[in-house]
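Chains as they are written, first to last, in this note's numbering: chain W, 1 to 155; chain Y, 1001 to 1104.
Quick caveat, the hints were computed from the structure, so don't treat them as lab data.
Please read these numbers as outputs of a predicted model, since none were measured by experiment.
Accuracy of the hints is not assured; some may be wrong.
Computed list of lysine-lysine pairs in BS3-like fashion (alpha-carbon distance at most 30 Å, straight line) [unchecked claim]:
no., chain 1, residue 1, chain 2, residue 2
1, Y, Lys1056, W, Lys67
2, W, Lys147, Y, Lys1032
3, W, Lys67, Y, Lys1019
4, W, Lys44, W, Lys144
5, Y, Lys1084, Y, Lys1056
6, W, Lys44, Y, Lys1096
7, W, Lys138, Y, Lys1077
8, W, Lys138, W, Lys67
9, Y, Lys1068, Y, Lys1032
10, Y, Lys1080, Y, Lys1096
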Amino acid sequence: MNALRRNVLKSAAGAGTVAVAVAAGLLKPTLAMAGAPRSAFEAKNVGDALKGMGATAAADSKDITIKAPDIAENGAVVPVEVTSGIAGTTSIAIIAEKNATPLVADFDLMGGAQGFISTRIKMGQTSLVRAVVSAGGKSYTATKEVKVTIGGCGG
Amino acid sequence: MAEPMRIRATMAGDVADVKVLMNHAMETGLRKDAKTGQLVPAHYITEVTASVNGTKVLDAGMSGGISKNPYLGFKVKGPKAGDKVVVNWVDNKGDKNTAEATIG
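All chains, full assembly: derive it from the sequences and hints.
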């Protein structure tokens, strides 16, 4: 029920902003919106998750740094730190590509929050960890492979 | 049932470094109970928000892919020592928790 409320609020606010931006000729209608809707969290593969977030056109960026172990002994707790050097970063999303539901978390940043997020995620198996950053209405992405010796999802 | 969460916020130059430790099972809904063989129902935090002195700085969506007892670190530019940080979370069952700390 809360998830629904969040979606409704988000899409209402998001639609309004985009409409204004489109009218002003600032944005092409296809460009990404910050903030992933709840449905993106239920996507079963990376493509759908990116589509749900509106980030399918994300460009690779060297300004995104993902700090994570090369080999994680315990997939239930994998520390991941994402730093975005892109000016005007408004959101950072973390995706574990081979998890049952790849989109792990999405952080909208505002009010002086820096392009930095540190957290711990679960990984079912060895895969790429992908960070998707939105800045100025565009999406950027970077990946890092993490090898998992004991999976942390299900079992 | 919501247990307390811990927040530590320190200034490093003009940037506040905030670290939050939440207490939550973060069940994905995919794990089986070792004894009964039944799936453990999903129970995880879906939304975390943080504000500094009443100004929202972070609005996060989460899935069961975040580790048990979630840790979250973020940085905010602008606040001063003595300012208040408030963190809230809501889970998929509607449980919620809130905590605040003073930036030191």
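Here is what the structure says about each hint:
1. For the given pair, Lys1056 (chain Y) sits about 26 Å from Lys67 (chain W) by alpha-carbon distance, which is consistent with the 30 Å threshold.
2. Between Lys147 (chain W) and Lys1032 (chain Y) the alpha-carbon distance is near 24 Å, which keeps this suggested pair within the 30 Å criterion.
3. Note on Lys67 (chain W) and Lys1019 (chain Y): the hinted pairing holds, with a Cα-Cα distance of about 17 Å set against a maximum of 30 Å.
4. Only pairs whose Cα atoms come within 30 Å are accepted, and Lys44 (chain W) paired with Lys144 (chain W) is accepted, the gap being roughly 20 Å.
5. For the hint linking Lys1084 (chain Y) to Lys1056 (chain Y), the alpha-carbon distance of about 12 Å falls within 30 Å, and the restraint holds.
6. The hinted pair formed by Lys44 (chain W) and Lys1096 (chain Y) meets the criterion: a straight-line CA distance of about 27 Å does not exceed 30 Å.
7. For the proposed pair Lys138 (chain W) and Lys1077 (chain Y), the alpha carbon gap of about 23 Å is at most 30 Å, so the pair holds.
8. Distance restraint check for Lys138 (chain W) and Lys67 (chain W): the Cα-Cα separation of roughly 23 Å lies within the 30 Å cut-off, and the hinted pair is therefore satisfied.
9. Distance hint between Lys1068 (chain Y) and Lys1032 (chain Y) is fulfilled; the C-alpha atoms sit about 16 Å from each other, no more than 30 Å.
10. Taking the CA atoms of Lys1080 (chain Y) and Lys1096 (chain Y), the gap is near 28 Å; set against the 30 Å cutoff, the hint holds.
Violation of the numbered hints given earlier is absent; every hint is satisfied by the structure.
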